[in-house]
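Chemist: Turn these sequences into a full structure, and let the hints steer you where they fit.
From first to last, the protein sequence lines stand for chains A and B.
So for the first sequence, UniProt numbering puts the first residue at 1; every next one is plus one.
So for the second sequence, UniProt numbering puts the first residue at 1; every next one is plus one.
Possibly wrong hints are sitting among the right ones.
Said to hold, decoys possible - Simulated DEER-style distance windows between Cβ atoms:
| no. | chain 1 | residue 1 | chain 2 | residue 2 | range |
| --- | --- | --- | --- | --- | --- |
| 1 | A | R42 | B | T47 | 39 to 49 Å |
| 2 | A | D290 | B | Q4 | 50 to 60 Å |
| 3 | A | G437 | B | G437 | 41 to 51 Å |
| 4 | B | I6 | A | E440 | 13 to 23 Å |
| 5 | B | R267 | A | G276 | 18 to 28 Å |
| 6 | B | K249 | A | E244 | 50 to 60 Å |
| 7 | B | L245 | A | Q270 | 22 to 32 Å |
| 8 | A | G276 | B | R41 | 57 to 67 Å |
| 9 | A | G160 | B | G411 | 50 to 60 Å |
| 10 | A | D288 | B | I230 | 52 to 62 Å |
| 11 | B | G411 | A | G28 | 54 to 64 Å |
| 12 | A | G276 | B | N307 | 51 to 61 Å |
Stated by the list, open to error - To give an idea of the chain B side of the interface with chain A (calculated C-beta under 8 Å), a few residues:
| no. | residue |
| --- | --- |
| 13 | Q4 |
| 14 | C7 |
| 15 | P9 |
| 16 | V26 |
| 17 | I60 |
| 18 | Y77 |
| 19 | Y266 |
| 20 | R331 |
| 21 | Y409 |
| 22 | P432 |
| 23 | Y434 |
What the hints assert, rightly or not - Straight-line distance between alpha carbons at most 30 Å, and here's what the computed DSBU-like set of lysine-lysine pairs gives:
| no. | chain 1 | residue 1 | chain 2 | residue 2 |
| --- | --- | --- | --- | --- |
| 24 | B | K339 | A | K20 |
| 25 | B | K105 | B | K395 |
| 26 | B | K456 | B | K395 |
| 27 | A | K339 | B | K395 |
| 28 | B | K395 | B | K347 |
| 29 | A | K249 | B | K20 |
| 30 | A | K20 | A | K249 |
| 31 | A | K387 | A | K306 |
| 32 | A | K50 | A | K183 |
I should point out that these hints are in silico values taken from the structure, not numbers from a laboratory.
Please read these numbers as outputs of a predicted model, since none were measured by experiment.
The beta-carbon is built from N, C-alpha and C at its ideal position, and this holds for glycine as well.
2 protein chains.
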Amino acid sequence: MTKQVICNPDEPVVSTPNGKLRGLIVDGTYIFRGIKYADARRFHMPTPVKAWEGVKEAIIYGPVCPEIQTVQPSDNYTVPHVFYPQDEDCQYLNIWTQSPDPERKRPVLVWLHGGGFATGSGIEHFAYDGENMSRFGDVVVVTLNHRLNVLGFLDLSGYGEEYRYSANAGMADIIEALRWVQKSIEAFGGDPQNVTIFGQSGGGGKVAALLQIPSAAGLFHRAVIQSGIIRERAGKEKGPDMTELLLRKLEITPERIREIEEVPYYRFQQIISDLGPHVFMDFGPGRDDDFYRGSIFEAGICEHAKNIPVIIGNVLGEFCQNFAVTCDDGRKNSWSEEKAEALIREKLGEPAEEAMELFRKAYPGNRIQDLLFTDRVFRPGTFDYLKARAQAGLKNTYGYMFKMEQPVYGGTLPWHNAEIPYVFHNADYIEPSYIPGITELVQTIVCECWCSFAEKGRPGAVGAPVWLPYTQNQHAMMYFDEECEAKSADSEEELVNFMSQHPFKMIQQDRSVTAEFFGGGPRV
Amino acid sequence: MTKQVICNPDEPVVSTPNGKLRGLIVDGTYIFRGIKYADARRFHMPTPVKAWEGVKEAIIYGPVCPEIQTVQPSDNYTVPHVFYPQDEDCQYLNIWTQSPDPERKRPVLVWLHGGGFATGSGIEHFAYDGENMSRFGDVVVVTLNHRLNVLGFLDLSGYGEEYRYSANAGMADIIEALRWVQKSIEAFGGDPQNVTIFGQSGGGGKVAALLQIPSAAGLFHRAVIQSGIIRERAGKEKGPDMTELLLRKLEITPERIREIEEVPYYRFQQIISDLGPHVFMDFGPGRDDDFYRGSIFEAGICEHAKNIPVIIGNVLGEFCQNFAVTCDDGRKNSWSEEKAEALIREKLGEPAEEAMELFRKAYPGNRIQDLLFTDRVFRPGTFDYLKARAQAGLKNTYGYMFKMEQPVYGGTLPWHNAEIPYVFHNADYIEPSYIPGITELVQTIVCECWCSFAEKGRPGAVGAPVWLPYTQNQHAMMYFDEECEAKSADSEEELVNFMSQHPFKMIQQDRSVTAEFFGGGPRV
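Modeler: Below you can see the structure in the form of structure tokens.
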């Protein structure tokens, strides 16, 4: 990359209300890493970081929250990960900006990372690096770490007033980070009155949760939910009570509840890992009567969320990647139409003909075999969310689908996480994403849509059609592809509803080879 | 980077004697990651990996050996680290080559990572990436993970014949990897008859150990020791017996010794961490009567090592970095000569005048203040090693010093690890190393010296003076700098000996700010 870096005792130094921070200038972009934004006692609410004397270094990322299981992801090729030392002292954020001029007042984008509410960090993916987005969009990019899993979301509220909010300690950390942004981002050239929160997967879920947390009102002004909403089902089964289970295994009685603050973290790891392979992901914000009242489907749209413009969307091939697949020859694009149709009939049975008809109508540019690899995890929830806001009369919700086929394995529908490098203008250094000439074009459009939305609350980009909001009368949808298209989502929604009524076993990526080799598991 | 990557079901696939492996082609370089080279039961010798059917993926790095403490290094800015999931199943290697043509027979360079014998991995530093070196030198680069700390070097030989070599299990893994190279590297375009081992810090120590392990004879043909030898002192104190201590704490009696194979790893972490902040680094190969007989200072030069050409050297400012320093204004280059001399007199007292005279003779191009930041950890050992081989009549040992000032903090002597990006031709993407126009030149010369040494057993590069061996009569030394110089090491040796007799407290990097902020500690 041959980057020119400035890192001197007195340059670049920024004065925040709490004290001075020294970062880096990399090819003209100012970078500040590992800024402590809060302190927190385990299971308690965070407190703002204290002021300091002198200049603190901000050139190394801060530790990330301990994870119950740090899985070596079998998708580390398509989604390159940064693993990093873990520590309960994890409330750190990172900033990329084009200048620390307090007069400049640029739009601020605060990224909330994925990994459910259980894993991940603000630097977990290579693609989360904010340098290129900051430079391209002249925006201030912030990424952050916060408490996760047991540390962020264990409900101890039944065991004492001091633990009243422990089921939302992780969300409270994020809110504390947003308060830090309100107080300090001006010093980095950002506008505290124009803050966009955006996130993907678990990060999308966090954005959705913040829209339903009254105490977050005023701390952000636009919101982007990427692959963050799963359709809620009535009467879904509730898991075991994690708190009760942990206390029993730890042999901590209610009278000695404070001992849980001293339990070595590995004990949580052991107990939860013993419960089964995926239980470590079973964490999320706890509904209560004041902090978080539940999703928009449970609690209706919170008042402060109504005026917040929202982008919501997801990715065509989510959780249905067919790279590394051993399905047939592993290359879906080599199949003839006849062969693909036969496979679909085999999978779907009688509804196959109607499904194919609906698919061809919704995706006229795609091969019919893509029906077999099409997301059914996030798409129904995305439509539910769009409809809920439309039905409330809101006209500030924008829907999208990222459907650009990726070049790996002779052509693969975009996977869970695949749009992130485009959003961050980082697509050209994520190995399997790069198509010369095309990648540059598509990431320019996607990144500009996000940045213009951050600036004005309406997404749009040169080279793309007009992106209208999804309203009760106008079901507009942006389809990001080698050529972007904005059109009615009706035919796609018909397909999604039909497929929801006719479930079939998806052709999933066969991870057997990789899994055998690495012991890795899937990441959410 | 906008790299073009090929990763298809059938390309690139290489047939090894054990089975087929599928990797990547990145801008023309063939890359295979996470190749399993051995299996091992805990505390037992490794066994070669078994053959398999079909094609295994080699696109994701394999897990790294568990560490007693994964420290978040406070030097993560000057030495960017890759942290990665840890697993006892850690015998994996990675290959970079320009083509997998079995006829091509390129020199093979096998990198042994640093971190003492206790931490690290074959991908621990960004700079370990072999792509650029392979492309620049048309060589095959291999990096690898192996057992470390308790898992690699705990001496259980007193508790049963099956544990006879447990104190060298980590070294045995490396030897097994070198056997894998012998058997399989031809399939990747490498020459099994021309293998160079190279390593830095602990990795240099591993290279030195392999030169003293008879069963490694024939598995490699040249060796490079970078910052790997510390002067041995007679009568140095021996630490506590780690084996006895662990068994006592674990309450394992000799009759139940096998239970140590099932102890959860975190128990080792706890016990050793409780012993003190640096005890987790106290591991190394165990001397015995057949596997490893001791260093060349203890056991003389092993027969097989005599015909192996060796490069040995280190870095000027090792463990004396002054970036982030709060010594004076933090910028040594801003001090006047008078000020610097006064500081030296204050530190050294009476011997200051002679020290300064010797320093000016040895380093006429340097500022006098650099005397305060000059390595005294590895340099005496480097000279001892050169002299030991010279005194044995060998004429195939090459000495170097990497002394190029780095641009960070207004000019900093090169730190421990600073030469690695130059060796791997990766200097231009390690942030604080880059000086436009100069970096390209110096890394071309350093990397070519390593590659030509790998090819012919004699180091040399276009643009650099002739690099002669250090012999009994000719004390030649290569000084890598913005302009490289090859000259007699006599005046430098005089300085090193004088300074060894007049120790003073070095002006170390003051890590207080960073340490307070991150809780990080130094790495070896």
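Chemist: The structure should be examined with respect to each hint, and the outcome stated for every one.
Modeler: Okay, the hints, checked on the actual structure:
1. A:R42 <-> B:T47: 39 to 49 Å: holds, 44 Å
2. A:D290 <-> B:Q4: 50 to 60 Å: Check passed, 54 Å falls within 50 to 60 Å.
3. A:G437 <-> B:G437: 41 to 51 Å: violated, 31 Å
4. B:I6 <-> A:E440: 13 to 23 Å: holds, 19 Å
5. B:R267 <-> A:G276: 18 to 28 Å: Given about 24 Å between the Cβ atoms, the range holds.
6. B:K249 <-> A:E244: 50 to 60 Å: violated, 33 Å
7. B:L245 <-> A:Q270: 22 to 32 Å: holds, 24 Å
8. A:G276 <-> B:R41: 57 to 67 Å: About 27 Å separates the Cβ atoms of G276 (chain A) and R41 (chain B), which means 57 to 67 Å is violated.
9. A:G160 <-> B:G411: 50 to 60 Å: Roughly 56 Å apart at Cβ, these two residues keep to the hinted range, so it holds.
10. A:D288 <-> B:I230: 52 to 62 Å: holds, 59 Å
11. B:G411 <-> A:G28: 54 to 64 Å: violated, 22 Å
12. A:G276 <-> B:N307: 51 to 61 Å: Hint holds: Cβ distance 57 Å, inside 51 to 61 Å.
13. Q4: With Cβ-Cβ at 7 Å, under 8 Å, it holds.
14. C7: holds, 5 Å
15. P9: holds, 4 Å
16. V26: holds, 7 Å
17. I60: Since the shortest Cβ distance to chain A is 5 Å, the answer is holds.
18. Y77: holds, 5 Å
19. Y266: holds, 5 Å
20. R331: At about 6 Å, which falls below the 8 Å cut-off, the nearest Cβ of chain A leaves the hint on R331 (chain B) intact, so it holds.
21. Y409: With a closest approach of 6 Å, the Y409 (chain B) hint holds.
22. P432: holds, 6 Å
23. Y434: holds, 6 Å
24. B:K339 <-> A:K20: Holds, because 29 Å separates the two Cα atoms, which is no more than 30 Å.
25. B:K105 <-> B:K395: Holds, at roughly 27 Å.
26. B:K456 <-> B:K395: holds, 15 Å
27. A:K339 <-> B:K395: It is violated: about 69 Å lies between the C-alpha atoms, which goes past 30 Å.
28. B:K395 <-> B:K347: violated, 39 Å
29. A:K249 <-> B:K20: The hint is violated at about 46 Å.
30. A:K20 <-> A:K249: Violated - the C-alpha atoms of K249 (chain A) and K20 (chain A) are around 45 Å apart, more than 30 Å.
31. A:K387 <-> A:K306: holds, 14 Å
32. A:K50 <-> A:K183: holds, 13 Å
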